[in-house]
Amino acid sequence: MSDEPLHIEPPQHSVRVEIKGLRKSYAGQQVLKGIDFEVKRGEIFVIMGPSGSGKSVLLKHIIGLETPDAGEILIEGESIDAPGVMDKYRLAMVFQSGALLNSLTVLENVSLYLSEHRLKPPDEIERIAMEKLEFLGLKNVGERSPSELSGGMKKRVAIARALIIEPQLILYDEPTSELDPLMAVVIGKEILALSERIHVTSIVVTHDRDLAFGIADRIAMMHEGNLLAIGIPDEIRHHRDPLIQRFLTADFNLNEKEPA
Amino acid sequence: MFANIGELLVLLWRTLKALPLVFRHRRKVFDQLFEIGNASLLMACILSLFIGGVIALQTGPVLAERGLSSAIGGLVGLSVCKELAPVMMSILIAGRIGSAMAAEIGSMRVYQEIDALRTMNINPIHYLVLPRMVAISVALPILVIFAVLIGWFGGGMVAVVNEKIGLSFQAFLSNLRNIVDIGDVLNGLFKSFVFAVVIGIVSCHQGLITIGGPRGIGRSVTKAVVNSIVLILILDYFLTRFLLYFEN
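Chains as they are written, first to last, in this note's numbering: chain A, 15 to 274; chain B, 711 to 958.
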């Protein structure tokens, strides 16, 4: 018998994502102009940039809602186009609007994945869904319709719905848009807490500078379909690219004179 | 409209392939059946009562004048069960249910609910299209059965009440029985089944390809209803020709 210690692979809670040469055009207009980056396991990777820079389109490619014109997306080194890869890994997305099904109650929305795929008995599904709602501080809303919830609550229900998949990768599309600053902080803290508690890889698309610098392990700056820079928050903050600086320092300055 | 025929056939084929899963989605099918019945049954009954009545009113006095009042039952019976009930009920359902299907699926598409389903590995065709298609294909022929019976009753009532016709209800009914047989009713039911498939597939397809905001949803609803009605009326002619081969 070998004296070597038995090596047991720990359960994998997160995945590595690589984007290689991603290009996409709509009606002749290039939206993604060759994007390359890598997201490490368990990392919170924030993609920041102004509206219309292609951030959300990029996210849709990663989850498989869009197919690229060129380039590829790899999860743990496997292309997502290869058969069975998307079924092998558990990916979830939290949409900008929440995208909760309005014809279902909050509880039915959260349990949808488990109930549609019949992964557990109905009682257990309900218990798990309630647990996820409570985990996000949402008690006594299970029987309500999504239309009765505030913007912040909808976002948290959407996160609960994503969590029920027990994801290895969560994609957040503008998680703090349409929220007041207090609720934006709550959602930002949730993203951080999830990353710490379940060690999930997170890719967050946002134009909210406070959120990006508050939660990111690394930040990628996007502009008109190009990646301008990738780095830790401090590197991005002190980056010399004028486009990045303009985005980061943009402010209301009522005393500034309009150019003649 | 005709540019989308290929897409419609692909969607129909995918829905047919998903038919074995219908038991799994039975709750959604029952919900849809309830929705269709609840929204349309009363309207269908009122509409068919007046359709039967107006056919008797238009043809009865002319036939009675020429001593052919005994033919009124057959005429009303055949025209209602083979043509008017299936076509008028289908148009009614296209307006009430087809529009609702296009609006509901269209808003789900616009507000990213369908994208959310796909990220959860839930096939929108299985989840949204299949239950609606099955429900409408079952519900429309059932509505047509109601419409036929009430349409006949409406025709009989006018034949009795209208003094220029002056026929007894028994005479109307016995003439109807002599001329109309079960094959004629089945003929109408078959047509309504085909029309149901057309309404379902056109409306679901329009919903699934909706783009833009509320205006896009409105456009999809209009297209779903107009395209369904145009296809129903065109198909009606060809189906009638096709079914006539079996009668001769």
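Do not rely on the hints blindly, as some may be mistaken.
To be clear about the criterion: a stretch of chain B counts as covered by chain A if any three or more of its residues have a C-beta under 8 angstroms from a C-beta of chain A, and this derived list gives those stretches [unchecked claim]:
#1 820-827
#2 830-836
What follows is a set of in silico ranges between Cβ atoms, one per label pair, in the way DEER data are often shown [what the hints assert, rightly or not]:
#3 A:Glu90 / B:Leu751: 49 to 59 angstroms
#4 A:Glu210 / B:Phe733: 53 to 63 angstroms
#5 B:Ile944 / A:Ala264: 54 to 64 angstroms
#6 A:Ser161 / B:Arg887: 23 to 33 angstroms
#7 B:Arg724 / A:Ala96: 41 to 51 angstroms
#8 B:Met867 / A:Ser129: 47 to 57 angstroms
Calculated directly from the structure, the hints in this document are not laboratory data. Values in this document were obtained by computation on a predicted structure and should not be read as measured data. Cβ coordinates follow ideal geometry from the N, Cα and C atoms, glycine included.
Now the hints, each set against the structure:
1. 820-827: That given contact holds, which follows from 6 residues of the segment 820-827 of chain B lying within Cβ reach (below 8 angstroms) of chain A.
2. 830-836: n = 3 at 8 angstroms, threshold three: holds.
3. A:Glu90 / B:Leu751: 49 to 59 angstroms: 55 angstroms Cβ-Cβ, so the 49 to 59 angstroms window holds.
4. A:Glu210 / B:Phe733: 53 to 63 angstroms: The hinted range 53 to 63 angstroms is violated for Glu210 (chain A) and Phe733 (chain B), with Cβ atoms some 43 angstroms apart.
5. B:Ile944 / A:Ala264: 54 to 64 angstroms: 58 angstroms, holds
6. A:Ser161 / B:Arg887: 23 to 33 angstroms: 54 angstroms, violated
7. B:Arg724 / A:Ala96: 41 to 51 angstroms: Check failed, 23 angstroms falls outside 41 to 51 angstroms.
8. B:Met867 / A:Ser129: 47 to 57 angstroms: For Met867 (chain B) and Ser129 (chain A) the Cβ distance comes to about 50 angstroms; the hint holds.
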